[in-house]
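So the protein lines, in turn, are chains A and B. The C-terminal position of the first sequence is numbered 286 in this note's numbering, with every residue numbered one higher than the one before it. The C-terminal position of the second sequence is numbered 289 in this note's numbering, with every residue numbered one higher than the one before it.
Worth double-checking, as some hints may not be accurate.
To be verified - Calculated cross-link-like contacts (lysine to aspartate or glutamate; reagent style DMTMM-like; alpha-carbon spacing at most 25 Å):
id, chain 1, residue 1, chain 2, residue 2
1, A, K32, B, D138
2, A, K88, B, E7
3, A, K182, B, E7
The set of hints was computed from the structure by calculation and includes no laboratory data.
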Amino acid sequence: MLVPVVAYYLIFSYGPMYGLLMAFQESYNPIKGILAGEWVGFDNFTMFFESYYFWRLIKNTLILSFYSIVFGFPAPILLALLLNEVRKKWFRGAVQTISYMPHFISVVVVVGMLKTFSSLDGGLFNVIRDFFDLQPIMFLAEKDMFRPMYILSNIWQGAGWASIIFLAALSGIDPQLYEASKIDGAGRWRQLLHITLPGIMPTIVIMLILRMGAVMNADFQKILLMQTAPTYETSDVISTFVYRSGILEGNYTYSTAIGLFNGVINFALLIIANAISRKLNSTSLW
Amino acid sequence: MKQSIGERLFDVFNSLLLLLIMVLCLYPMLYVFNSSISDPDQMLRSRSLMLIPEGFQLGAYKSVFQDTRIYTGYMNTLFYVVVGTAINLLMTSLAAYGLSRGDLMGRKTLMKLITFTMFFGGGMIPTFLLIQNLGMVDTRFALIIPGAISTFYFLIMKTNFEGIPISLIESAKLDGANDFLILFRIVLPLSKPILAVMMLYYAVDHWNDYVGPMLYLRSQELYPIQIIMRDILISSSTEAMGAGADTGFAIGENIKYATIIISTLPIMLVYPFIQRYFVQGALIGAVKQ
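So that you can see chain A by itself, here it is in the shape it has in the complex (with noise of 0.2 Å):
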């Protein structure tokens, strides 16, 4: 019965583990296999670290983890805690129904939407600064914009889904404790302060350490979608650069190497990311 499932795991997720090798490679020959490549150590790496590229790599794919930490992580927290404080019960299903709709529209349609509103002739952007008297401009052609339009747009379409996992940890805490802090005199503030954040830290802390593990990993599909030539100064990243190099240019061995560099560091993120959270407060993945 695990027959079917043992070979699945070995061909289709150890099965281009071993295809990794090829990033030791000179170069990945199709007929013969990775085994008969030339091993060439780490030179592959060390073209990537003295690469033009290198530095704007990473340093975009870092920017842009970063922001989507410090922006969008929080974004589904607040409005979990935002609509604890309802107490109607239509309206909070109305705003939790509407505020997962984004999520069911794909990534193509998100940015086929940016790219639609930042028209410069009528797309709705552009008829927003008009409104301010300001001139129109080419949002996805922008440089300095990629940053904001990308983040922006995540917490657009994913806050409101997110949320849904902090609203099972906030029904989860036990109602009595409010109760009695209510007799203790504790305000709205007070038991927020008290009661509830302390009662979902523990997901909080889950959750960020599952971030953490895929710190390097900005979104691909999205990413490559939304980004246009003038950009890639900011919109650059990792896996887009690996996309372009091997598929595209046929830099097999190449970017393996750079995958491989990138998995590596994402799979030390989510180690040390999980200790620390285990020594400080026993919460941990594993």
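Position chain B against the provided structure of chain A, taking the given hints into account.
Frame of chain A; chain B shown alone:
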């Protein structure tokens, strides 16, 4: 209980803030919808926020429906969603049932090896070359087989199966049932809610997938709707839709708006009804952690 002024102020402020959030979520879709049925010239001239349509035309929708790419795209997506999800469910159930039983030899090691793949993998290029070597490039298999099990969903399902009383399975064994019979006759029928949740999650993943088709498909007739959408919305190929020179640039923009509506409307109409299953799934996922 009587509320203090501060508390009432807070409630009002909170409601207003949430109303604003609702408007921010809805407005872009309203704008897109109104734009899709507006008169292009009037729209260009007025440069309004499109709270109501400016003029009226359905030409954009006509053009989109005349484009055969949309039909084949929809059909292909339907295929990937239905067949792909069926295989996902089968494989994930096999994995979850097989590994939920405590008596299996080497279970712990196997679990570790599987969980590891959630956090580390070969990456894009080795995966691409593997799929190429398996001869799957430019076939429908490439979108269905390589992602047959999502490890995260598998863990959710396994936790769920572990909640089924072991005595039930043991008594079936005594009656001579083998594992397949137990899985399909006892475990799966008892797990309908989680199966529904998994089905929805997988189906949405297939519906939204565009990186897979972009990497592995070459022939147009295999393209799912997302690739077609990318071509129309992002690579701007509305000219091919008969919005040629005479109708001009503006109707091209209307076609984009109409395309967004046509491709998003079905899921927009369905999701409020299936929302509670999605939420249930997120909850089950949260409990696991």
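These are the hints, each one checked on the structure:
As the CA atoms of K32(A) and D138(B) are separated by approximately 22 Å, the hinted pair is consistent with the 25 Å bound. Simply put, K88(A) and E7(B) have alpha-carbon atoms about 15 Å apart, close enough for the 25 Å limit, and the pair holds. Taking the CA atoms of K182(A) and E7(B), the gap is near 13 Å; set against the 25 Å cutoff, the hint holds.
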